[in-house]
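If you count by my numbering, then the sequence shown holds residues 242 to 616, one letter each, in order.
Hints were generated in silico from the structure; no laboratory data involved. Some hints could be false.
What the hints assert, rightly or not - Computed cross-link-like contacts, SDA-like style, restricted to lysine to any residue with a CA-CA straight-line distance of at most 25 angstroms:
1) K566 <-> R298
2) K566 <-> Q604
3) K603 <-> G579
4) K566 <-> Q294
5) K566 <-> G548
6) K312 <-> E358
7) K603 <-> Q524
8) K566 <-> G579
9) K566 <-> T601
10) K312 <-> T299
11) K566 <-> W597
12) K566 <-> Q524
13) K566 <-> P478
14) K603 <-> I614
15) K312 <-> S578
16) K566 <-> N538
17) K566 <-> G477
18) K566 <-> L602
19) K566 <-> A536
20) K566 <-> P537
21) K566 <-> V292
22) K603 <-> S480
23) K603 <-> T592
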Amino acid sequence: MTKANRRDMAIDLRRAFTLIELLVVIAIIALLIGILLPALGSARGAARSLVDQSQLRTLAQGESFYSSDNKDYYACASTSGWAGHVGTRGRTIDYTGATSAVTPVQYYDFISPTLGEELGFSAQRAARFGNILNDFADPAAREFSHLFPASPTPSDVSQFNDYADEVGYRQVSYLMPGAFSVWGTPRIGFIPGQGVVNDMSKYEALYDNFPPVWSGGPAGSVHTPRGFRNRVDQVGPPSNKIVVADGTRFLPPNDALDFDFRTGNNNNSIDFGAFTSGTPQWQGNTAYGAAGPGAPNNLPLSFRHPGNSLNAAFFDGHSENLTQKEVWTDMSRWAPSGSLVLDSAVGSLTTEAQEWVNTTLKQGTLDGSSGYILP
242 MTKANRRDMA
252 IDLRRAFTLI
262 ELLVVIAIIA
272 LLIGILLPAL
282 GSARGAARSL
292 VDQSQLRTLA
302 QGESFYSSDN
312 KDYYACASTS
322 GWAGHVGTRG
332 RTIDYTGATS
342 AVTPVQYYDF
352 ISPTLGEELG
362 FSAQRAARFG
372 NILNDFADPA
382 AREFSHLFPA
392 SPTPSDVSQF
402 NDYADEVGYR
412 QVSYLMPGAF
422 SVWGTPRIGF
432 IPGQGVVNDM
442 SKYEALYDNF
452 PPVWSGGPAG
462 SVHTPRGFRN
472 RVDQVGPPSN
482 KIVVADGTRF
492 LPPNDALDFD
502 FRTGNNNNSI
512 DFGAFTSGTP
522 QWQGNTAYGA
532 AGPGAPNNLP
542 LSFRHPGNSL
552 NAAFFDGHSE
562 NLTQKEVWTD
572 MSRWAPSGSL
582 VLDSAVGSLT
592 TEAQEWVNTT
602 LKQGTLDGSS
612 GYILP
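Kindly generate the complete structure, drawing on both the sequences and the hints.
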């Protein structure tokens with residue numbers, strides 16, 4: 242071997258990686274990936290949350306525009322959803338099939354009446370449902386759902402089946418607090434000319450039907466003021482009252498996520514539909530409760546943002562990120578001012594809400610019931 246060959250071999254040996262050096266490099270790369278991937282995941286989660294908050298503000302602004310055009314009434318089950326029953330006795334609207342971009346897909350749809358025209362929603366109900374669940378979805382709401390096995394079956398079920406087969410329906414992204422979506426809790430009282438009757442009898446006498454009302458049952462845990470009529474000036478401080486929040490229902494015990502596609506225009510035939518929810522602090526709440534029918538798998542469907550949080554928009558138009566603990570604690574955000582947390586309901590609330598009620602609220606009465614008054 243010549244001196245030149247020995248020199249070239251020495252250079253090659255100096256340039257080559259040893260096995261140990263190669264393993265060290267691989268370990269460093271793996272370490273960097275381990276450090277960067279969670280950071281990238283967190284960045285993606287934060288970005289989805291920002292997009293979601295922007296969409297929630299759009300929903301709140303849509304409600305503001307709607308109320309400006311409708312004497313301070315905002316879009317909800319008992320206003321835009323029940324419009325086909327108010328006024329002339331017996332007049333109804335068939336929500337099924339092809340209608341318009343702003344026709345509610347069901348009683349509880351407040352999104353089509355406020356944003357349907359602006360966002361170019363379909364006139365066909367099945368496709369418009371898809372516009373809401375797929376096109377105007379929280380980017381973090383990525384699960385798919387199937388049709389609730391409704392009875393009676395809506396007449397346009399074949400169109401829903403076709404859409405589900407061809408496109409699919411994502412999970413419900415947004416829920417309006419149920420206490421804001423319907424008329425105040427009815428009660429029995431004296432009505433001139435009718436004697437002592439229930440409010441529902443009065444409504445039927447006036448309209449030959451009656452609108453959705455807040456029953457205040459276990460899912461409600463609160464009674465809302467009897468005269469509450471879904472006006473912005475009746476909700477309470479707009480900056481403290483949630484008009485819409487992240488939330489998904491319904492996950493049954495078998496974990497087969499579905500959504501209610503019935504129109505609900507037959508005398509309160511559905512309780513919450515696809516777009517409203519009961520009191521989040523009730524432990525059995527289907528969307529937010531730790532003891533709901535689909536618990537614990539229901540929780541990440543609603544608390545789907547970083548840190549097990551959700552986003553909410555308020556009646557004044559701003560949005561906030563709320564932790565699970567914050568949602569389970571403060572009940573005042575989710576019902577009109579003057580609502581009553583029933584004495585009998587406190588024990589069914591989360592431990593956080595029970596402590597909050599007992600240390601924050603004043604005791605009082607509403608229409609003969611006793612409990613704690615929400616500010």
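(Q) Hint compliance check: list the failing hint numbers for this structure, sorted ascending. (A) Structure breaks no hint.
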